[in-house]
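Q: Given next are the chains, with one letter for each unit.
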Amino acid sequence: PEKPHYFWQTVMTAPEQELLCIFGTGDFGRSLGQRLLQTGYRVVYGSRRPHSCGPLPQGAQVMSHEAAAQSAGVIFLCVHRENYDFLETLVTQLKGKVLVDVSNNLKKNVYPEANAEYLQRLIPGAHVVKAFNTLSAWSLQNGPSDASRQVYLCGNSAEAKQQVVETATKLGFNVLDRGTLSAARELEDFPLQLFPEWRLPLRLAFGLTAFFFFYLLIRDVVYTYVEQDKDISFRIMVSLANKVFPIVSLIMLSLCYLPGVVAAFLQLYRGTKYKRFPDWLDRWMLCRKQLGLLALGFASLHVLYTLIIPIRYYVRFRIAESTISKIKENQTSVFDTTMAWRVDSYYAMGILGFGLYLLLGISSLPSVSNALSWREFSFIQSKLGYLTLFFCTFHTYLYGWDKFLRPSYYKWYTPPGYMLCLVVPSVVMALKLVILLPCVDRSLTRIRRGWERTDPEGDSKKSLLT
Amino acid sequence: PEKPHYFWQTVMTAPEQELLCIFGTGDFGRSLGQRLLQTGYRVVYGSRRPHSCGPLPQGAQVMSHEAAAQSAGVIFLCVHRENYDFLETLVTQLKGKVLVDVSNNLKKNVYPEANAEYLQRLIPGAHVVKAFNTLSAWSLQNGPSDASRQVYLCGNSAEAKQQVVETATKLGFNVLDRGTLSAARELEDFPLQLFPEWRLPLRLAFGLTAFFFFYLLIRDVVYTYVEQDKDISFRIMVSLANKVFPIVSLIMLSLCYLPGVVAAFLQLYRGTKYKRFPDWLDRWMLCRKQLGLLALGFASLHVLYTLIIPIRYYVRFRIAESTISKIKENQTSVFDTTMAWRVDSYYAMGILGFGLYLLLGISSLPSVSNALSWREFSFIQSKLGYLTLFFCTFHTYLYGWDKFLRPSYYKWYTPPGYMLCLVVPSVVMALKLVILLPCVDRSLTRIRRGWERTDPEGDSKKSLLT
Amino acid sequence: PEKPHYFWQTVMTAPEQELLCIFGTGDFGRSLGQRLLQTGYRVVYGSRRPHSCGPLPQGAQVMSHEAAAQSAGVIFLCVHRENYDFLETLVTQLKGKVLVDVSNNLKKNVYPEANAEYLQRLIPGAHVVKAFNTLSAWSLQNGPSDASRQVYLCGNSAEAKQQVVETATKLGFNVLDRGTLSAARELEDFPLQLFPEWRLPLRLAFGLTAFFFFYLLIRDVVYTYVEQDKDISFRIMVSLANKVFPIVSLIMLSLCYLPGVVAAFLQLYRGTKYKRFPDWLDRWMLCRKQLGLLALGFASLHVLYTLIIPIRYYVRFRIAESTISKIKENQTSVFDTTMAWRVDSYYAMGILGFGLYLLLGISSLPSVSNALSWREFSFIQSKLGYLTLFFCTFHTYLYGWDKFLRPSYYKWYTPPGYMLCLVVPSVVMALKLVILLPCVDRSLTRIRRGWERTDPEGDSKKSLLT
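Residue numbers (this note's numbering), protein chains in the order written: chain H, 1 to 466; chain B, 1 to 466; chain V, 1 to 466.
For reference, chain H alone in the conformation it holds in the complex (with noise of 0.2 Å):
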């Protein structure tokens, strides 16, 4: 359905046709290149060896650097960095030019500038704008496709960035002006970051997840082993990830919100908001978001792997022996009312808890956040945030019932999971609560609006961030 529209574009843009240069003849230059003659810009090539540069799009011509130079207004510079040196050669040539920077390095913090800002350096004359580095090669060459829909561009010169910007609208790119070329080293670090931010979370979710796996692998299936001789490693698909899921996921939640108190905690006890956090806090706090979206995870696991329960083989096999032995024993089994009480208000606690955790799920999501003022988002991830939490620890609560006291769970003098994991959500309802005092609330609130304790003069103004 496009081909018909890049034809009419083709047609009718013919008498218009802008001519632009590209530097370098490897991939990134000939997947632009004929990306550029494909939405009907004529395209010179600037080469060392214009008559021996290998296979270019068709439709292209080739010239000398210089000649390729003269003849355009906007140059893009398609070569690695390591080779920058030869457009010294080119100072006169490239004076007043638009220089288009796209180049990206392969590892992160290699040199003392970024690409662009050297370039500029390199040919103060040139109107150096960085741009179209994000992109995969594939949408280079194809156009926008997913997670290449937008140029990011930076720049000193607001005319040199608004031919860009002109250029890249007509690929079908949205732009994005990230300001002054002091921005590039954050466009050439995006392209080769893998998720900087989940990594911490990530490693904190494998490292829980394999330490309940294992304790209760141990307290499950190897203590009946051991202990009873009886085989039950077929409760690790179900039973076993059941237990470790939500156990997790509880326990992240409440980090989401850890942080936030100790916070708040530190608040108060130095007395102002203006002296910075510990790097850890700061770093903890950042992370929240990615801390939240795990733990949703989690959860979402531990209800599949809940609703499933009724369908599996083993579950199916033990009702069916209970009412056998019930009838062949002839027991008359009364129905209890508080284990109904009990059994409902467990799961209607979890139903609620996962749908807020959904909520704040959604609220996440870019495109809502940016919708929402800050009070919008904030009431959402700290009340809604709070009930969450406290839903979960009661339906955790519920689970555990009266087993807090019997001494026959404690197998291996070792207390069950969801007892472990309710030490951390436990604690942070508990500093909230203090929090939320009205003695407490009061001193928070007026240092949270920018009032200081200032007991020593001298000392407080020490503690402004440096």
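Be aware that a few hints might be false.
[To be verified] Using 30 Å as the maximum straight-line C-alpha spacing, the simulated DSBU-like pairs for lysine-lysine come out as follows:
#: 1; chain 1: V; residue 1: Lys328; chain 2: H; residue 2: Lys326
#: 2; chain 1: B; residue 1: Lys326; chain 2: V; residue 2: Lys230
#: 3; chain 1: V; residue 1: Lys326; chain 2: H; residue 2: Lys326
#: 4; chain 1: V; residue 1: Lys432; chain 2: H; residue 2: Lys107
#: 5; chain 1: H; residue 1: Lys289; chain 2: H; residue 2: Lys107
#: 6; chain 1: B; residue 1: Lys432; chain 2: B; residue 2: Lys383
#: 7; chain 1: B; residue 1: Lys403; chain 2: B; residue 2: Lys230
#: 8; chain 1: B; residue 1: Lys107; chain 2: H; residue 2: Lys383
[To be verified] To spell it out: a stretch of chain B is covered by chain H in this simulated footprint if at least three of its residues, at any positions, have a beta carbon under 8 Å from a beta carbon of chain H; those stretches are:
#: 9; segment: 129-140
#: 10; segment: 143-154
#: 11; segment: 191-200
#: 12; segment: 301-309
Calculated directly from the structure, the hints in this document are not laboratory data. From the three backbone atoms N, C-alpha and C, an ideal C-beta is built for every residue, glycine too.
Dock chains B and V against chain H, hints included.
A: Then chains B and V, alone, in the frame of chain H:
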């Protein structure tokens, strides 16, 4: 990982450090100053008492208002509106300067004009730009975070706005230009809003939930207690909730579609689309999306409550009892094919309805609906929406089946809850069918394309919106 | 809540009210005029018969085209393309004016050039801007609503576009500049599109669903009826659907990954990445996202259909029957550990596969994929995608278990549905394994970095895309 980046920025941009001025040494002023200093700007504070204005971020200068204003081209005004009058003495110094108004009010509609408009009137020679007021204090001090990624700005001077855009971009924010200073009121109201368009639907949802909860509590629990002297109050947690949620969900879903139908009949009756709808209908139509999303929330809870049925203690107990009693009484039960058809159809309708419900919800996400053409959006929301309503209504009718006719279900002469909840959707679907009749549809289409019934010429002229 | 805002705007902006001109008094012209008047603009209509042009929004003036054109700097052309020719008489009055073309056509590709381009050719002296044509009539009259929040515009004059941007922003819309007037055709086609990229995947999904529905209907229902004279048609609603949905889902998921594998082998065979793929492969690759999302939809239905199994009448009846018959025949059933392992693994694979499936779906949301670097996006879609495919395929193999070998499962010499659906995913995974072999992987990586196999020099040159 961000640290080295800031480090380089500070080092690299050293020679071109720009000087910005901040009026006001309160919380907002200090937080902003701290962030500006971190990003590589030089900052000078203007203060009434430059020598006793309390602690300020290290690296910032303090001067009198006059001196500070003269030293910089851009001045951030971090002062409450009540104290703007001191600026009148600075009219000369502020002439031609960019004056960034970051103020917010504590309440809406306290003043007849927006703070920024008032400021512009006070200092007509300055270029007032409204900006940064929608950010949270945290993100102002620490950089963009979830709901504070976007800086909205407005102002009458394009050049002044451009300068603020550059600073905001350098601080890491995305900037959205909202036009001239007449948009300032909207920007100032934004941080105060707490889900304004959700209030009506939320109240409705709470009202319906409360009504049906007590209605069913009386019909189910109280009735059984009074008439049969049995305590089944444990059913409140799951059984009762799982009746209330689907009922409220279906009613709210049909209330999404009712205003559209009412509007169509109103247009048919009036013979024009240019006459404004009554206020209540306008307000109702504007909250259809929120009604639908709440309905989806209730439907999701209904799904979860339904899926845990087989693992409830009460259900397992009753199934075992029934099997045991069958054996003891040596009953031979016959498989009822009609029952199998009915129950399976009931579930299938529910699942398909819920699937479409989810689709409607997903297409309401801002980023998804922005990517759709309105033809696509209205196809989903209207065509698939009515299909959803049909599936869900049919699901409820299948639940009722033949109970509609049995008097034993009318306890204390009240109809069961699901019968009550079928009223609105049935009416909506009947009215929609009328609208789909060819003759009615034709008239409506003509009206919606701009045609007007002009019985008496003058009357029609009057009908135009004023 | 919006009311007071408009009130103030009207009052405050009174002295600076700008005058805009609208040509055309049809539906679009009236709706636009009404909205402009509400926002505080003055509006003058240009009409052929200024004294008998029907009812217009109160407050608007009507003049002849000539007079109206001269009075304003911006003219909105709300006229069908067929009637543009009257403008030729106004060439003098329109010189230097901004002419906003809001027109749409009823069909695509009717005219050789876009309306706006035709208009520019007709009135070369005017600055034509294409805008507002993608909005729904409702949102034009009432302000931004769900799928009509964005005004796309294009035009050759930056100043003319800026004027239209300001008006659109004042009306409350977000503006997206799509470049020069050559983008007009795309903008004019946008409102006509109804999920073009979903058509092929939807047709495929319907085809597969229909095929497997009838295939399984014959194998399950008809076979049982013919061979055993039993009517099990009630199984259509849930049991049959729950076989068709997972089958279609798995096939469509594997069809997402097949084109990538085919493309890799094609590149290996051709020894270059610069030769264009055949058209069918291109089209296939462009609809992978839609294939995947449909597959996710089917998988979600499969999950819901599976989870309601234990509350079906048919299942409860059968379980009770089996318990009763066990007791009557005094069977002693032995717990089968292999069976427990197998069933639990089957469910665990399914849940983990579905969890990853959901993750893929979430990362396809526009706002999420825009926030990812393409390295992150391709990690999710490729690495996690293949893991999803592996889990789901393994889940299906576990479902089959040893049934592959038992002839009794080949009713009427046809294999069960799940065997058929395993063909494509197994092939895709086998081919992927070949590609992952070190030697193959090395060649492919080289080719994807731009290397070309150049057996005969001339041949390779020809191979470049034309």
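Q: Determine for every hint whether it applies to the structure shown.
A: We went through each hint and held it up to the structure:
1. Annotation: proposed proximity of Lys328 of chain V to Lys326 of chain H holds, straight-line Cα distance about 14 Å (limit 30 Å).
2. Using a Cα cut-off of 30 Å, the hinted pair Lys326 of chain B and Lys230 of chain V holds, with the two alpha carbons roughly 25 Å apart.
3. Under the criterion of a C-alpha separation no larger than 30 Å, the hint pairing Lys326 of chain V with Lys326 of chain H is consistent with the structure, at around 13 Å.
4. Of the supplied pair hints, the one linking Lys432 of chain V and Lys107 of chain H holds, its CA atoms being roughly 28 Å apart against a limit of 30 Å.
5. For the proposed pair Lys289 of chain H and Lys107 of chain H, the alpha carbon gap of about 27 Å is at most 30 Å, so the pair holds.
6. The straight-line distance between the Cα atoms of Lys432 of chain B and Lys383 of chain B is roughly 12 Å, inside the 30 Å bound, and the hint therefore holds.
7. Taken as a hint, the Lys403 of chain B and Lys230 of chain B pair is honoured in the structure, with Cα atoms around 23 Å apart against an allowance of 30 Å.
8. For the proposed pair Lys107 of chain B and Lys383 of chain H, the alpha carbon gap of about 22 Å is at most 30 Å, so the pair holds.
9. Using a Cβ-Cβ cut-off of 8 Å, 5 residues of the segment 129-140 of chain B lie near chain H, which meets the minimum of three, so the contact claim holds.
10. Counting residues of the segment 143-154 of chain B whose CB lies closer than 8 Å to any CB of chain H gives 5, so the stated coverage by that chain holds, three being the minimum.
11. Using a Cβ-Cβ cut-off of 8 Å, 5 residues of the segment 191-200 of chain B lie near chain H, which meets the minimum of three, so the contact claim holds.
12. With 5 residues carrying a beta carbon less than 8 Å from a beta carbon of chain H, the segment 301-309 of chain B meets the three-residue requirement, and the given coverage holds.
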